[in-house]
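Enquirer: Generate the whole structure from the sequences, applying the supplied hints.
Protein chains in written order, with numbering that gives the first Met the number 0: chain A, 0 to 265; chain B, 0 to 265.
Because the hints were derived from the structure by calculation, they are not lab data.
It is possible that some hints are incorrect.
Since the list gives no way to pick one copy over another, a pair counts as held whenever it fits inside one copy or between any two copies.
As the list claims (entries may be wrong) - Heads up, simulated DSS-like pairs for lysine-lysine below, C-alpha to C-alpha not over 27 angstroms straight-line:
1) Lys262 / Lys21
2) Lys240 / Lys21
3) Lys240 / Lys87
4) Lys13 / Lys25
5) Lys91 / Lys25
Model, not experiment: these values are computed from the prediction.
Single-letter residue listing:
There are 2 protein chains.
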Amino acid sequence: MRRQITGFSNPAIKAIRALREKKHRKAAGRFLAEGLRLLTDARENGHVPEILVLSTERDPHPLLAELEGAVEAVGGEVLETTPDILSKITGKDNPQGVAGVFAEFDTTLAALDRTGADIWLVAQALRDPGNLGTMLRTGDAIGAGGLILIDDCADPFGVEAVRASMGAVFTQSIARAEWSEFLPWLRGAPGQLVAASLRDARPYRGAPYAAPCFVMVGNESRGLPEDYETACDLRVTMPMKGRADSLNAAVAAAVLGYEVLAKLQP
Amino acid sequence: MRRQITGFSNPAIKAIRALREKKHRKAAGRFLAEGLRLLTDARENGHVPEILVLSTERDPHPLLAELEGAVEAVGGEVLETTPDILSKITGKDNPQGVAGVFAEFDTTLAALDRTGADIWLVAQALRDPGNLGTMLRTGDAIGAGGLILIDDCADPFGVEAVRASMGAVFTQSIARAEWSEFLPWLRGAPGQLVAASLRDARPYRGAPYAAPCFVMVGNESRGLPEDYETACDLRVTMPMKGRADSLNAAVAAAVLGYEVLAKLQP
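Expert: Right under this line is the structure:
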């Protein structure tokens with residue numbers, strides 16, 4: 000049963016739009032995702048939105064009908080509203096005709112199964128939500144188990160991160176932890192911690208990567224703290240042929256992640 | 000001789016701020032860059048700003064004094080203004096204390112010297128300025144000669160692209176061309192065109208890359224047009240272990256670019 004909403008001041012719409020802000024996401028334990036492809040990826044990975052928001056001017060599509068059916072089957076709500084209101088919800092000029100509200104996932108380290116994958120990505124104090132979403136997308140591509148966010152990172156459930164992840168926010172495990180929690184957890188079972196680093200580092204190509212391999216990159220401006228690097232099993236570096244002394248964090252994670260993949264799954 | 004400006008409505012400030020918009024950049028043939036490090040990179044690569052804008056609350060720094068001297072030596076202008084006005088110019092909450100106005104460079108294919116580098120990056124219809132800046136930054140890191148922008152790409156001289164390039168906008172050559180101009184130019188001299196592709200592609204690792212190698216990625220949503228891929232000498236693909244069928248464009252360029260580098264300069 001669809002509910003029609005045509006006013007931007009409707010409380011349901013206001014509550015959904017508020018999920019664009021981190022404090023409201025945190026309070027509600029909910030986040031927003033948009034687009035038929037992304038919502039279909041979510042459903043196929045067992046994540047059905049609690050609220051589905053449809054544009055009155057959407058294109059009909061069998062996957063959209065399936066999505067609506069899935070939402071109703073679990074007792075979720077379906078709202079239909081104007082393209083203008085939908086674009087205000089998603090913050091995009093050309094909304095994709097559909098958005099969903101999802102419950103946030105368990106992001107504790109305890110929820111991760113490190114035996115489930117050969118590669119895990121780790122980001123420390125990553126501030127850019129686009130970089131974070133791109134790391135999730137890359138993690139999906141290299142068959143990583145998930146992304147572990149150390150210290151004060153951008154929110155993986157923010158609209159920009161979800162968008163940049165291209166659906167990988169639903170396929171990758173996500174954990175958030177302080178370094179002081181992460182390191183004992185890591186050392187409590189087999190696992191190799193590898194830093195993309197400039198200090199005391201060996202060439203990234205041909206380094207002795209071992210599964211499960213945790214590939215860590217640091218903050219966009221400051222890189223990894225020195226004691227974090229020291230705690231790693233392996234520090235590797237990529238050639239830097241020009242003036243710059245570092246790569247974009249998501250790029251570094253990808254170049255290194257693909258190298259680890261080639262070594263572990265030749 | 001510094002000129003003090005304290006009003007946002009000052010015509011000089013308005014003209015500089017207008018450079019945040021593409022149409023004004025195009026009309027003026029000028030662009031904005033910010034931050035001491037970036038402006039120093041520019042100077043060391045022979046690019047001195049025509050106008051230097053300093054914040055009254057900047058930290059003193061010997062490189063800043065050198066920069067100011069360089070601007071005055073070439074008859075440029077030095078403006079001093081409030082942090083508030085500077086942040087309105089750069090669109091950043093925490094401006095870095097200094098910004099510069101530069102003349103745009105020659106971006107014709109004729110200005111490129113393909114014998115000057117083993118690797119060149121090529122982007123087709125790349126729409127995201129952050130991706131474009133990140134490709135410039137990666138190009139610098141792998142020792143590429145520059146970035147060639149095919150068809151309707153984001154503006155490499157936009158504030159966001161310049162920022163993401165981390166100074167590489169001043170170290171990498173940049174050319175803009177339609178495909179119909181680029182292909183004859185490419186075929187007019189030795190050069191291997193390699194596409195990151197999903198069609199009829201071989202694994203990217205161990206492919207027979209040859210210098211000068213032109214590494215091409217396509218539009219973020221649509222990828223490369225089929226006839227563009229067909230025109231390439233080599234189509235290569237990265238493993239995709241998850242649900243997604245593509246990487247972020249700047250990530251694909253980097254993973255492939257580092258592989259080409261390892262082959263050409265082992």
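Enquirer: Measure nothing new, just compare the shortest in-copy and cross-copy C-alpha distances for Lys240 and Lys21 to 27 angstroms and report within, between, both or neither.
Expert: neither (39 angstroms within a copy, 31 angstroms between copies)
Enquirer: Is it within, between, both or neither when you check Lys91 against Lys25 at 27 angstroms Cα-Cα?
Expert: For Lys91 and Lys25, both the intra-copy (22 angstroms) and inter-copy (26 angstroms) Cα distances are at most 27 angstroms.
Enquirer: Checking an output row: Lys13 and Lys25, CA cutoff 27 angstroms. Within, between, both or neither?
Expert: within (16 angstroms within a copy, 40 angstroms between copies)
Enquirer: Since the copies are identical, ignore which copy is meant and state whether Lys262 and Lys21 lie within 27 angstroms (CA to CA) inside a copy, between copies, both or neither.
Expert: neither (38 angstroms within a copy, 45 angstroms between copies)
Enquirer: Within, between, both or neither: how does the pair Lys240, Lys87 come out at a Cα-Cα threshold of 27 angstroms?
Expert: This pair counts as neither: shortest intra-copy Cα distance 44 angstroms, inter-copy 35 angstroms.
Hints 1, 2, 3 from the earlier list are contradicted by this structure; the remaining hints agree with it.
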